[in-house]
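With the hints as your guide, set chains B, C and D onto chain A.
Protein chains in written order, with the working numbering: chain A, 18 to 172; chain B, 18 to 172; chain C, 18 to 172; chain D, 18 to 172.
Among the hints, erroneous ones may be present.
In this list, chains with the same sequence are indistinguishable; a pair is considered to hold if it fits within one copy or across any two.
Calculated cross-link-like contacts (lysine-lysine; reagent style BS3-like; alpha-carbon spacing at most 25 Å) [as the list claims (entries may be wrong)]: (1) 110 - 24; (2) 24 - 64; (3) 146 - 110; (4) 64 - 146.
Derived from the structure by calculation, the hints contain no laboratory data.
What follows is each chain in one-letter form.
There are 4 protein chains.
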Amino acid sequence: MSAEISKDQVREMLANLFENQMPFHQLIGLTIAQFGQDAIELKITMKPELVGNVLHGILHGGVTATMLDVAGGMIVFNQVLEDMDVVTLEAVKQKIQNLGTIDLRVDYLRPGRGTEFTATATVIRAGNKVAVARMELHNEKGDHIAFGTGTYMVG
Amino acid sequence: MSAEISKDQVREMLANLFENQMPFHQLIGLTIAQFGQDAIELKITMKPELVGNVLHGILHGGVTATMLDVAGGMIVFNQVLEDMDVVTLEAVKQKIQNLGTIDLRVDYLRPGRGTEFTATATVIRAGNKVAVARMELHNEKGDHIAFGTGTYMVG
Amino acid sequence: MSAEISKDQVREMLANLFENQMPFHQLIGLTIAQFGQDAIELKITMKPELVGNVLHGILHGGVTATMLDVAGGMIVFNQVLEDMDVVTLEAVKQKIQNLGTIDLRVDYLRPGRGTEFTATATVIRAGNKVAVARMELHNEKGDHIAFGTGTYMVG
Amino acid sequence: MSAEISKDQVREMLANLFENQMPFHQLIGLTIAQFGQDAIELKITMKPELVGNVLHGILHGGVTATMLDVAGGMIVFNQVLEDMDVVTLEAVKQKIQNLGTIDLRVDYLRPGRGTEFTATATVIRAGNKVAVARMELHNEKGDHIAFGTGTYMVG
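So that you can see chain A by itself, here it is in the shape it has in the complex (with noise of 0.2 Å):
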């Protein structure tokens, strides 16, 4: 039987292993600028290769919607995270390898110009088999470049 840890080492774990360990969010740049009991922020900084349309320097959709997931898929490991009563180490790996993405929706604002892009999300339906989150993507003016809608399977 594994010790307990605290949820604060348990965020701290996953964060250094999304960021770290995850060869495509290393591809890309991902970084994970906070992970606390209330809010995820990912962020990702401007580079070429991250470009989808050569004309107009834009991110390109398929970054808007990688963000969008992972930080929906992030707030929602945090509830599951929340609800439970015990943590050890082996509780918390299972629940990781059951999160998986059901569905999403991606509704793209504005065309993704900038340097720095913030992506954030809240539980808008916690359960113990599914959960669903609403993502949003800025950049570093402000400017709202997507909003998203997932759910998550979580148990």
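What follows is chains B, C and D alone, placed relative to chain A:
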């Protein structure tokens, strides 16, 4: 005034543009296997950088979303092209600049296991302002990995 | 302990329940034309009360959404039923109570002109907790009025 | 050429049209509680005919979808109206005829328990061809029943 070009020439140009001049497509290795009057087929070969889950070794959901979005956009562009009476480079450029994803839904059906993934798409609503496409992602065994639905601005 | 019943009997019961004991279905005139092992077919006959736009005399988008949601829910239930080993009234009731729409996307393709509308559905993701269905609405001429995608809680 | 009318007059006319001359709205008892420059509020009082589940006595998901779709359409129309320089009856009629739902997503958060339901909406993407709105449905206790996202044709 620019000279007329054939629709097949336009598709070839666009396929080349999407495969070789879109930095994000090159980053993930997206290729245009087929782009004809009735069909679009995008392919991607699995590589470590595209993995979303190191435990399971499956395709990142963001890559899935990217492939579906691009497949939908290209088949919708093809519809716009087929509806053009006079095809000049100038007119085609204008059409490409007008094209943009308004919203995208991805339904993740199965974990993205496989060595090669193929995205296809069909137009379900053709219009001179807005078009809607449905997309599919399969692996090399024919397993159905994901469905997509995208609404695109076209005019 | 309740006695076993056949799956066909269950479908007949459910069709009867949905057609005759769901007040909203009676209000709009929703009928279950077919509910077999592989298919669901809901029908509605146009009547003045279902018009959403008096100028155009077309079906209200809310009726379209309703038909698609119900068709998806029934085909998903059918999947649950087919997966049951022992079918008792008690077990079926439990399954019906667990069933619920998590999210629904409707793509309105054409104005809802016509005298009779038919909704059909297929399961695209079967699971013991969550299932996803795709739905279609056609009029009596076979014009494709709308597409739907629904994610349902099933367990 | 028709005479100019005020934007408040237009909103009043539209509220009246939607409440009293849309047969489906009267069938379900949809009323326009508020329609001002910044806000739309639709209400519906629970009645037996709107029940979707006789066991639980909850609002049918199709009614929820209807309310969200209408709320989104009205707030989007309001945006179109606010963007008009010269407001004549003729021009307004044209705008209403152009308005149509392209796609709608409904997220069902909680069972629709309650005696009165209120739908509200805000525009998240304003455009001269396409607009996107987000909608919410609450019951009389303030419980959040559903979220919606709708993409509308406006021009």
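Hint by hint, here is what the structure shows:
1. 110 - 24: within (13 Å within a copy, 39 Å between copies)
2. 24 - 64: This pair counts as neither: shortest intra-copy Cα distance 34 Å, inter-copy 33 Å.
3. 146 - 110: both (16 Å within a copy, 20 Å between copies)
4. 64 - 146: This pair counts as neither: shortest intra-copy Cα distance 38 Å, inter-copy 31 Å.
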